[in-house]
Amino acid sequence: MDINIFNKIYSSIIDGNKNIKLALTRIQSILTNETRESNEMLRIYQKYITDNESITKEELEQANKQFSDLLKGLGLAGVFALPGGLLAIAFIVKAGEKLGIDIIPDKYRK
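Letter 83 of the sequence shown, counting from 1, is numbered 83 in my numbering, and no numbers are missing.
A couple of the hints might just be wrong.
Listed next, the in silico SDA-like pairs over lysine to any residue satisfying Cα-Cα at most 25 angstroms (straight line) [said to hold, decoys possible]:
(1) Lys47 - Ala77
(2) Lys98 - Ala77
(3) Lys72 - Glu53
(4) Lys8 - Ile27
(5) Lys107 - Leu71
(6) Lys94 - Leu82
(7) Lys57 - Pro105
(8) Lys57 - Asp102
(9) Lys72 - Ile30
(10) Lys72 - Arg26
So the derived label-pair ranges between C-beta atoms look like this [as the list claims (entries may be wrong)]:
(11) Arg43 - Ser11: 42 to 50 angstroms
(12) Leu31 - Gly100: 44 to 52 angstroms
(13) Ala88 - Thr35: 24 to 32 angstroms
Derived by calculation from the structure, the hints in this document are not laboratory data.
Cβ coordinates follow ideal geometry from the N, Cα and C atoms, glycine included.
Start from the sequences and build out the full structure, keeping to the hints where you can.
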């Protein structure tokens, strides 16, 4: 057998592991950011409800935007859990674009 075959297999495995590590690092970063933003949203809503401190219009808009993004993400996660969910998400996003409905959270748009 040719040693090049084993070298190719080994290098593809190593490359795959690097891609997995990069993807997991990116997911960790996204989840960390989401947690921070959700905690900030909750802090703003708590200030708003208790009325001990006044909040600015910008803070309330930021909290509402984060809440909207959170609901969009939860909705997409729910659809993804269904059989054929990945195809359903693609269909929902396309249908939303045609109807002018924002389906994907703003921060994940490119």
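Are any of the numbered hints broken by this structure? If so, which, sorted upward? Numbers 1, 3, 4, 12 - these are the hints that the structure violates, sorted from lowest upward.
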